[in-house]
Amino acid sequence: MNRLVFFIVSMLFVISVQGAKVHPVPAVITQSDGTKITVYAFGDEHYVWYTTSDGVLLWHEGFDYYIAKVDNEGNLLPTKQLAHESASRTSVEKELIRKQNRKLFYAKANKEISKHSARREPIADNTTLFPHTGNPKAIVILAEFTDSTFKDSDPKSVFNQYLNADEIDNTVGNGTVGKNYGSVKKYFEDMSYGKFKPQFDIYGPVKLSHELKYYGEGNRDHMERLLPEVCRLAQKEIDFSQYDQNNDGYIDLVYVICAGYSQSWSQNSTDCIWPKSGAFHFGTYNGKKAYRYGVHTELNGYPGAFLKQGLEYAINGIGLFCHEFSHCMGLPDFYPVSAEAQSACNPGMELWDLMDGGEYLKNGYSPTEYSAWEREAMGWFSINDLSTADKGSVALGNINNGGKAYRIKNDKDISGKEYVILQYIEKKGWNKPLYGHGMLVTHVDYDETAFSLSSNSVNNIVGHSRYTIIPADGEYISSYDNTKTREEYKNSMKGDPYPSLGVTNLCSIPWYTGNDNSKPILNIKENMSATVDKLTFDYIVPNDTIIKKEGFKVDSIFINGLPEGNITMTNASITSYSNGDKVIEANNFNDAEILFGKNFDVLEKDSLHIDIFAYENMQLNISFVGKKTIERAGAERIARENSTQTFNLKEKTWTRLDFSVEELMGIESIGGLRLYGGNGRTIYINNIYFFSKEVNSIGDIRNNVNNIDTIYTIEGIRIDVPKESLGRGLYIINGKKYVVK
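By my numbering, the letter at position 515 of the sequence shown is numbered 515, and the numbering carries on one by one without gaps.
Mixed in with the good hints, there may be bad ones.
Claimed, not checked - Distance condition first, Cα-Cα at most 25 Å in a straight line; then the derived SDA-like pairs of lysine to any residue: (1) K494 / N515; (2) K432 / G495; (3) K494 / G514; (4) K494 / T513; (5) K288 / C345; (6) K391 / T644; (7) K409 / K308; (8) K432 / G397; (9) K69 / T30; (10) K69 / L129; (11) K308 / S508; (12) K207 / Y193; (13) K412 / N590; (14) K151 / K494; (15) K404 / E376.
Said to hold, decoys possible - Distance windows between CB atoms, simulated: (16) E73 / N617: 17 to 27 Å; (17) R98 / Q235: 24 to 34 Å; (18) T79 / G194: 54 to 64 Å; (19) Y676 / G194: 28 to 38 Å; (20) T653 / K490: 25 to 35 Å.
By construction, these hints were calculated from the structure, which means they are not laboratory data. We treat Cβ as the ideally placed atom computed from N, Cα and C, and that holds for glycine.
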C-alpha cells in the first residue's frame, strides 16, 4: 500500500469534529465598564477558555469577560465580577482569583477535549473523504438569521468570487474580497499543480427561523439545530442527489456560510458561530444522507476592526475556509489541541502551516501554502528520500516551481515513520506574508491514530510533538505563550528557517528514537539571486576548499589528486560528493590507517598540510607511516619523540594541521597516516598535500614554531651551533631546506 493510500484509508475509519484554531493574537477588550483588559484565548471550537496575561481564568459572556469560578468537578462557572488587569483589581476580585483551582480545571479540560475528539464515525465502511483530485462539486449554502443578515445585497455574487474566481473582482464585498491573494479554488489549484480544481455551487441565502444566539450560544454552538434547518430550507433549489459522486448514498459535503462574525476571534460575542467541519447524521434529502459538513462565517475580525482602513466591514479571508475544507479531505490539525499541551506551549507548526496558525496569515487573506508533506498526502507531490548514498552537495528549490523537497529517515526507528523533511520556503506568492525564508526542517513522527480525524492529536503529547519544525534559532515559539510580545513572536518565526541568524549547520537531528548523528546537514547557503535552486547544503559530507600559502607552491595533492586505486585504508573509506569531489571518511572509528600507495620524500618538502573535519570537540592522535627510518641513534630518538602528535579538533569546523619538516624528522619518506582516539566518532580528511620551497639565504628562513633555531644536517643529525656559523652545505633549519654557499 503506497503512502497516499495508507494515509487516506486511515482517515476513512474514524471521523470527528475539527475546527479553526482560536485567533492567535492576544485581544485587547474594552469591557462594559470602560476598562481595557488583554485576553488570551486557548482551544478551538470543541473547548475554548480564556485567561489574563497572568493566567487568571475568565468567563466569556456576550462581549464581556468575567472572573471565572472553578467548581468541584473542574467546570468553569460565571461570576458577576468583571475582570481587570492586575493593577486595577479590587480585594473582592483578588479573592475570587485566589479561590480558582486551575489544576482541577485543566484536568477537566483535557477530559472534555479527549471526549469530543474521540467521537467515532458509525458508518466508516461506507464513508469517504471529499475527493482531492479532478473537479468535484461541493454544495455551499448561504444562511442568515433573524437578527444577523449578510452585509452585501448580493452575497451570492460575493461568495462566487470568493470561492470560484480565477481572478477576483476587487469591487465586490465592500471591495474586500480582493484582499485575498486568490479564491479558494485558486488556492487548491495552486497547491495541487492543477490536479485539483473544486467547484463550489452556491445556493441561498436561506433565512433561518431564530436569532444567531439560538445556533451559536456559548462555548459549543448547535450544529444539530443549524444544519438540518439549512438543508430543509435549501432543498427548494438544490437537488442533493447530484452531489454523491461515488454513489455511496451520502452527500459528499454540505458547506454553510453564516452571516456575521466568527467566535474564533476573542473580541466577538459568544453568540457567534465558530468555523468548523465534521460529520454526523443531519437528515436525508432527495434520497441522499447528509453527514459531512463544513461551517464558515461571512465577516473577518470583529466589529470596527477595519475602521482605520476606512471600511465598515471586511469579508472573511479564505484561510479559515481552506483550513476547514482541508479537514473535509482528511488533514488533521497541527496545533496542540489538548489543554495540557496548549498550556505547556507544546510546539506545533504555527504560521508555517495552514493546519495551524497559517489559516490566519495576513488575516487569512493569504493563507500559508500546503507543505510538502501535505501535498504528498494528497497525492499531488512526491518527496525525495535522502539516503547515506546521497552524500554530498544537495540543492533545494521552491516546490511550486519544480524544486525538490527531501526526507531523511531515522535509521534507528524500525517503523520507518520518524523522519525530517527539508523544504525551501520563499516569501513569494501565497507565502509572501511569512516572516522568514530559507530551509524549513520539519520533524515528523507519524502515528496513524494521532493523525486520524477521530483522534486529531498530532501535537498533544507534551515534549513529543509529532509534526513540528526544528528551528534554526533553537526557539520553539508558541502562540499560546502569553509571556511573548507580538514582535518577539515575529522575530522568533524569522529565525526558524536555515540559515537564519547565520546558522548554517544542523549537525544532529533530535530524533525521538535512538541517538543517531550520522546524517548532518552542513554548509547551508541561500542564494537569493538564483532562479531555480536557491538553497544548497552538504549532506553528511562537509565540503571545503584548498588554502593558499603565500610564497609556496602546492607540490602534491591527494585525496582528490591521487587515484583511488593507489589508496588503501583500514577503518576508513573514500566518500564522494555529488559534484565529484572526494574525502576520506573515518566513520565511528577508534583507530584508522590511510596508506597513500606512494612515498613522499620528506627532505624535499617544506611542510605537510592536512584538513580534518569533526562534528564534536575531540582530541585526535596522528602518527606517520615512514618508508624508511634513518639509522642513527640521534635520529631514531627524534623519530620516536615525534612519531605521535595530539591535536584538538573543534566541532563543526575544518581544522587545518600544518607539520614542518622538522616535526617529521627521523622519517625520510611518508607513505601514510595512522589515526588514534576516535572513540566511536566520525571525522573527514581532505586535501592532504605538501608545500615545497627552497630557501637560498639566511634572510629567507621563516621560523615555524618559535624563535629558537633548530638545525639538522641533511642526514637528520641535530647540531647545536648558531646558523651564522654554519659552513657550506645543505641544512634543515626550522623545518625548511637552507643552502649555505
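A quick look at each hint next to the structure:
no.	hint	result
1	K494 / N515	28 Å, violated
2	K432 / G495	16 Å, holds
3	K494 / G514	30 Å, violated
4	K494 / T513	29 Å, violated
5	K288 / C345	43 Å, violated
6	K391 / T644	31 Å, violated
7	K409 / K308	50 Å, violated
8	K432 / G397	16 Å, holds
9	K69 / T30	21 Å, holds
10	K69 / L129	41 Å, violated
11	K308 / S508	48 Å, violated
12	K207 / Y193	38 Å, violated
13	K412 / N590	22 Å, holds
14	K151 / K494	37 Å, violated
15	K404 / E376	12 Å, holds
16	E73 / N617: 17 to 27 Å	55 Å, violated
17	R98 / Q235: 24 to 34 Å	55 Å, violated
18	T79 / G194: 54 to 64 Å	56 Å, holds
19	Y676 / G194: 28 to 38 Å	59 Å, violated
20	T653 / K490: 25 to 35 Å	32 Å, holds
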